[in-house]
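K.L.:
Chain by chain, the residues run as shown.
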Amino acid sequence: MNIVVCVKQTPDTAATVTVQDGKVSWGEAPLVLNPWDEFAVEQALRTKEAHGGKVTAVCLGPETAKEALKQALAMGSDAAVLISDPAFAEADSLVVSAVLAAAIRKLGDIDVAFFGRQAVDSDTGLTGAQVARRLGWPSLSLVAAVRSVDPAGKTIDVDRMLEEGRQEVRSQLPAVLSVVKELNEPRYPSFMGIRKASKAEIPVWSAADLGMPQMPAPALEWPEVISPPKVDTKCEIIQGDTPDQIAERLVGRLLEEKVL
Amino acid sequence: MAAKILVYIDHFEGQPVLSSWEAVGAARTIAAALGGDVVGVVVGSGVSGLAEQAIAHGADSALLAEADALKDYRPEPYASTVAKMARGAGATVMLFPTTGRTRELAGMVAVDLEVGVTPDAIALEVKDGKVVATRPIYGGKLLTKEVSKGPEPHLLTLRARAFPKPEPVAGKTGAVEKVAAEVGAPLTEVSGYKAAESGVSLTDAGVIVSGGRGVSNSPKLTPPAEITDEKQKEIWRAQQGFALIRDLAGALGAAVGASRAAVDAGYVPYAHQVGQTGKVVSPDLYIACGISGAIQHLAGMRTSKTIVAINKDAEAPIFKVARFGIVGDLFEVVPAMTKAVRARLGK
Ligand SMILES: Cc1cc2nc3c(=O)[nH]c(=O)nc-3n(C[C@H](O)[C@H](O)[C@H](O)COP(=O)(O)OP(=O)(O)OC[C@H]3O[C@@H](n4cnc5c(N)ncnc54)[C@H](O)[C@@H]3O)c2cc1C
Ligand SMILES: Nc1ncnc2c1ncn2[C@@H]1O[C@H](COP(=O)(O)O)[C@@H](O)[C@H]1O
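Sequences listed follow chains H and W, in order.
All residue numbers for the first sequence refer to our numbering, where the first residue is 343 and numbers rise by one.
All residue numbers for the second sequence refer to our numbering, where the first residue is 820 and numbers rise by one.
The hints are simulated quantities; they were obtained by calculation from the structure and are not laboratory data.
Worth double-checking, as some hints may not be accurate.
Derived pair list, reagent style DSBU-like, types lysine-lysine, alpha-carbon separation capped at 35 Å [unchecked claim]: (1) K903(W) <-> K496(H); (2) K991(W) <-> K903(W); (3) K946(W) <-> K1124(W); (4) K949(W) <-> K997(W); (5) K991(W) <-> K600(H); (6) K408(H) <-> K964(W); (7) K365(H) <-> K1139(W); (8) K1124(W) <-> K365(H); (9) K600(H) <-> K1050(W).
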C-alpha cells in the first residue's frame, strides 16, 4: 500500500509558552514531532507491516522542521518530504489543507493518508478533515481502532471515538484517517533507524513544485495573542481532625460559595 | 443587509447535544450587535423536533434537511447539506457547538465555501461589524483573537459551557423551511455503535470527579490471593480506588475523568482521559483525586470554575490551580466526601 503520514513540528508540551509584543516564544524548549502524530506514524508503519508498501512522511514547515521528519524516518518511514515556501507564511487551515492535498496528489496513487488529531501548538484539529474534503476522499476522524484493511477490495474498517461512544465505519479507500491516542502505542526509533534518518536527504518542495494552479488566500487573521488572565487561585487548604470532619467542612465551603 | 447567523444543532441519533443551545444563545448576542436573524440548522433523519427546540431556545427560524441517508452521522453528506444551506441562506456567521463531529463538519464546510473556520472559541465579541473570537492555543497557555478577513460566513465552533445556556420559551414559534439534503454517492457506511459505558458526557458535565495514578496507591488494600501478577495487583487496587471515585461522582451527578497516567496504566478507558491528549473540559466543579497536576493535565481542565485537589503530597502542583485543597489519603477522604455530600444534598 502507498501510505502517507502528515506530521507537524511543535514545541514540547512541557514548554513554558509566553507572548511578548505579539511574538510567541517557548524559550529553550525543544521542538518535537507533534505528540498526536506519533500515533499516526505508528499506524502508518503497522499498516505497511501488515500489507506491504511504503510510508512517506510529509511536513509543511520551515527548514528546521526536517527534525520532525527525521523522527518519522527513524521510527521506520521509508521517505520524507518537506514543503517549505515563504508563500506559506501566515497560513491558516484552509491554506495548510490545500498545500497538503496538493502534496498528496503529487505523490500520486496514495491508498491512505494518516493525520494526528490535532497540532498541540495551534490546537485547530481541522487539517485531516479539510485535506479529505479537498481530495474528495472520505474523512475518518477520531479513529481509535483500525479493525481491518482490505487493500485489494479497497476498503477499511475503523472505530471512531465520538462523545456518545464508538461508531463503527466501513469506508472505501483511498481515505484520510486522523487518529487518537487509544489507537496504538508508538514505538521508539531503533538505533539503526536513527542512523539511517540522520543520513537521509530530505527533498524540499516549494509552492511551484506542487504546481498549485491557485494558492488559496488565508481567510483568517490573528490580531492579537495574549496570555490568559491571571486568576487568583489562592488555595484554601481544608483541615480537620478526621477525614469525615474535613469532608464535611469542604462540602460546607462548596455550598457557601454556591459551587454546589 | 441584515446579518444571518446560522447555528448548527448537533445531535446524536436525534438527541440534541445540549451545548447547541449555548450556541443559539451566543448567536442571539451576535445578531443583536450586528442586526439580523438567528437561524437554526438541523440535519438528520426524524429530527424535525430539533428545529422547534432551536426556535424555543432563541432562533427566529430554522432550516431542516431530512433524509433516510442522514440517519447515521457521516461527514460527507452532512457537510454538503450544511454548505448548501449556508450558501442558500447567505450566512454571515455560522456557529457550531464544539464536538468531535462538528470540528470535522465545520472544517469540511469551510473547504466547500472556501471560508475561515475558528475551532473551539471560548469568547466572542463584535467589533467593526465583525466577529472577533478568542480561543486557547498551546494547550491553553495562550489565547489568540481570530477574525475572518472574508469571504463570509465565518464558521466558529464554541467550546461547551463557555457560553450561557438560554432557557427554552414554551410556545415560541418560527418558520421551519425544508431544504433538500445533498446526499451524493456514499463513501462510508456506518455498521454499528457501541455506546460509551459512562452515563454522563465529560464535555457537558457540570461536575467532574477525576482520578489519577494515586487511585491505585493504597497499601492497606490486599488483593485476593489468586492475583499474583504485580501489574494485575495494581489494577485491582485501582479498581477499588475508582469505585470510590465513581461513588462520589454518583452522589454529585458528576462524570468521571482520569489522568493519562491512570489511562496508560490500564485503570480506566481512554474515553475518560482529561488533558492535552484527551478531552478538554470546563465544568463548574472539578475534583482531582490523586492527580499531581502536570501541565498536560492542566491543559484539559484549567478553565474549570472551581478546582478541588485531593492529594497526599502538599507540594503537588495541582494545589497551585486549586481553589480548595485537602492534603490527605484519597482512600479516606473520597468516601468521607461521598458521605458528606449525601448527607448535605440528600442524594
Ligand atoms: C505529549 C504528552 C501529552 C500528555 N497528555 C496528557 C493528558 O492529556 N492528560 C494527562 O493527564 N496527562 C497527560 N500527559 C502526562 C502528564 O505529563 C503526567 O504524566 C500525568 O498527567 C500524570 O498523571 P497523574 O497526576 O495521575 O500521576 P502522577 O504524576 O504520578 O501523580 C500521582 C499523584 O497522586 C498522589 N497520590 C498518590 N497516592 C495518593 C493517595 N493515596 N491519596 C492521595 N493522593 C495520592 C501523588 O502525591 C501524586 O501527586 C501527557 C504527557 C505528554 C508528554
Ligand atoms: N504543517 C503541517 N505539516 C504536515 N502536517 C500537518 C501540518 N499541520 C497539521 N498537520 C497534520 O494535521 C493534523 C491536525 O493538525 P491541526 O489541524 O493543525 O490541529 C496534525 O496532527 C498533522 O497530522
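K.L.:
With reference to the structure, classify each hint as holding or not holding.
P.N.:
Against the structure, the hints:
At roughly 30 Å between alpha-carbon atoms, K903(W) and K496(H) fall within 35 Å of each other, so this suggested pair holds. At most 35 Å may separate the alpha-carbon atoms for a hinted pair to count; K991(W) and K903(W) meet this at roughly 27 Å. Between K946(W) and K1124(W) the alpha-carbon distance is near 27 Å, which keeps this suggested pair within the 35 Å criterion. Taken as a hint, the K949(W) and K997(W) pair is honoured in the structure, with Cα atoms around 29 Å apart against an allowance of 35 Å.
For the hint pairing K991(W) with K600(H), the CA-to-CA distance comes to about 32 Å; that is within 35 Å, so the pair holds. Using a Cα cut-off of 35 Å, the hinted pair K408(H) and K964(W) holds, with the two alpha carbons roughly 30 Å apart. A threshold of 35 Å between alpha carbons decides the hint, and for K365(H) with K1139(W) the separation of about 27 Å falls inside it, so the pair holds. Annotation: proposed proximity of K1124(W) to K365(H) holds, straight-line Cα distance about 29 Å (limit 35 Å).
For the hint linking K600(H) to K1050(W), the alpha-carbon distance of about 42 Å lies beyond 35 Å, and the restraint is violated.
Hint violations for this structure: number 9 only, all remaining hints satisfied.
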